[in-house]
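Engineer: Start counting at 1 in the sequence shown, then tack on 531, and there's your number in my numbering.
Worth flagging that the hints you see were computed from the coordinates, not collected in a lab. A virtual CB, placed ideally from N, CA and C, is assigned to each residue, including glycine. Careful: at least some of the hints might be erroneous.
Computed cross-link-like contacts, DSS-like style, restricted to lysine-lysine with a CA-CA straight-line distance of at most 27 Å [to be verified]:
1) 576 x 593
2) 583 x 546
3) 677 x 583
4) 576 x 640
5) 663 x 562
6) 546 x 692
7) 623 x 609
8) 656 x 623
Computed spacing ranges between beta-carbons, pair by pair [what the hints assert, rightly or not]:
9) 730 x 627: 44 to 50 Å
10) 568 x 609: 16 to 22 Å
11) 728 x 626: 40 to 46 Å
12) 560 x 612: 22 to 28 Å
13) 563 x 589: 18 to 24 Å
14) 563 x 728: 47 to 53 Å
15) 717 x 622: 19 to 25 Å
16) 702 x 599: 34 to 40 Å
17) 652 x 600: 17 to 23 Å
18) 633 x 599: 44 to 50 Å
19) 633 x 730: 27 to 33 Å
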Amino acid sequence: MVTQSNPHFFTIWAKERLDEMDAAVTSLEGKVAEVQADVRDKAEKILAELRKQRDDFRDTMKKQSEANEAAWIQAKAKLEDDWRSFEAEVRKYVESFGKQIEHQQAMFKLQADAQLKAWREAADKLGSDAKKFASERRGDIDAAVKRMNADAVEAEKKLEKLNQAGTQSWSALMAALTETRAAFDRANEAAREAFKRAA
Numbered sequence: 532m533v534t535q536s537n538p539h540f541f542t543i544w545a546k547e548r549l550d551e552m553d554a555a556v557t558s559l560e561g562k563v564a565e566v567q568a569d570v571r572d573k574a575e576k577i578l579a580e581l582r583k584q585r586d587d588f589r590d591t592m593k594k595q596s597e598a599n600e601a602a603w604i605q606a607k608a609k610l611e612d613d614w615r616s617f618e619a620e621v622r623k624y625v626e627s628f629g630k631q632i633e634h635q636q637a638m639f640k641l642q643a644d645a646q647l648k649a650w651r652e653a654a655d656k657l658g659s660d661a662k663k664f665a666s667e668r669r670g671d672i673d674a675a676v677k678r679m680n681a682d683a684v685e686a687e688k689k690l691e692k693l694n695q696a697g698t699q700s701w702s703a704l705m706a707a708l709t710e711t712r713a714a715f716d717r718a719n720e721a722a723r724e725a726f727k728r729a730a
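With the hints as constraints, model all of the structure from the sequences given.
Structural biologist: Okay, here's the thing in C-alpha cells:
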C-alpha cells in the first residue's frame, strides 16, 4: 500500500507559483534593456527585488520539501503572502516600465505557459502515483486526475484565446491567470482529498 503524504500537494501548489515567478522574471530580464535610459536603474532595482523574492520563495519551498502537513500549512500561508507581494511588484513594474502591449503579451505568454506546464506535470505525477493504489481504491483518485486534465485543457483554451487576441489589457490578462490558477488549486485540492480517502 502507498501512503501519499499531503505535503506532496503543497509542493505542487508552490512549484506552480515558482514556475510563474521564473517566467515573469525571465520576461522582464529580456525587456529591461528596452526601458528608457533615464529610468533603467529604477527598473533594474525592481527586477533585482523580484529576483530576491523568487529566490526566497524557492528557498522556503526547498526547506519545506520534507516537512509534515502541519508545517506545510503554516509555510503555505507565508508563501501565499510572498506570492501576493511578488504579483504586486510585477504589477508595479509593468505599470511603470512595461506599458508596451508587446511586453505585457510576452510576459503573459510565459506565465501562461508555465502555469499550463505545471498543470500537465501535476496531472502526470498524480496519475503515476494513482497507479500505486489497489484498483478498488483508485476510483476517486482517477476521477480527480481526469478532472484535473480536463480543467487543464479548459484553462489552456482560455489562455490561448486571450493570447491570440493580443489586445487585452494587463489587468484582463492577469485576471485570466488568476482564474486559471484558482482552478488549478481547486483541482490540486480535490486530488489531495481523493488521495487521503484512498490511503
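Engineer: Look at each hint and say if it fits the structure.
Structural biologist: Now for the hints, and whether the structure bears them out:
1. Distance restraint check for residue 576 and residue 593: the Cα-Cα separation of roughly 26 Å lies within the 27 Å cut-off, and the hinted pair is therefore satisfied.
2. Note on residue 583 and residue 546: the hinted pairing holds, with a Cα-Cα distance of about 16 Å set against a maximum of 27 Å.
3. Proposed proximity of residue 677 and residue 583 is contradicted: the alpha carbons are some 37 Å apart, above 27 Å.
4. With a C-alpha separation of about 24 Å, the suggested pairing of residue 576 with residue 640 holds against the 27 Å cut-off.
5. The straight-line distance between the Cα atoms of residue 663 and residue 562 is roughly 45 Å, outside the 27 Å bound, and the hint therefore fails.
6. Among the hinted pairs, residue 546 with residue 692 is consistent with the structure: their alpha-carbon atoms are about 25 Å apart, no more than 27 Å.
7. Taking the CA atoms of residue 623 and residue 609, the gap is near 21 Å; set against the 27 Å cutoff, the hint holds.
8. Between the alpha carbons of residue 656 and residue 623 the distance comes to roughly 35 Å, so the proposed pair goes past 27 Å and is violated.
9. The hinted range of 44 to 50 Å is satisfied by residue 730 and residue 627, whose Cβ atoms lie roughly 49 Å apart.
10. The beta-carbon spacing between residue 568 and residue 609, approximately 38 Å, falls outside the hinted interval of 16 to 22 Å.
11. At roughly 45 Å, the beta-carbon separation of residue 728 and residue 626 lies within the given 40 to 46 Å, and the hint holds.
12. Distance hint check: the CB atoms of residue 560 and residue 612 are about 24 Å apart, consistent with the given range 22 to 28 Å.
13. Checking the proposed 18 to 24 Å range against residue 563 and residue 589 shows it holds: the Cβ atoms sit about 21 Å from each other.
14. Between residue 563 and residue 728 the beta carbon distance is about 48 Å. The supplied range of 47 to 53 Å therefore holds.
15. The hint said 19 to 25 Å for the Cβ distance between residue 717 and residue 622, and at roughly 24 Å that hint holds.
16. At about 39 Å, the CB distance of residue 702 to residue 599 agrees with the hint of 34 to 40 Å.
17. A hinted range of 17 to 23 Å holds for the C-beta pair residue 652 and residue 600, which are about 21 Å apart.
18. Remark: the range hint 44 to 50 Å for residue 633 to residue 599 is upheld by a beta-carbon distance near 46 Å.
19. In this structure the supplied range 27 to 33 Å is violated for residue 633 paired with residue 730, their Cβ-Cβ distance being about 48 Å.
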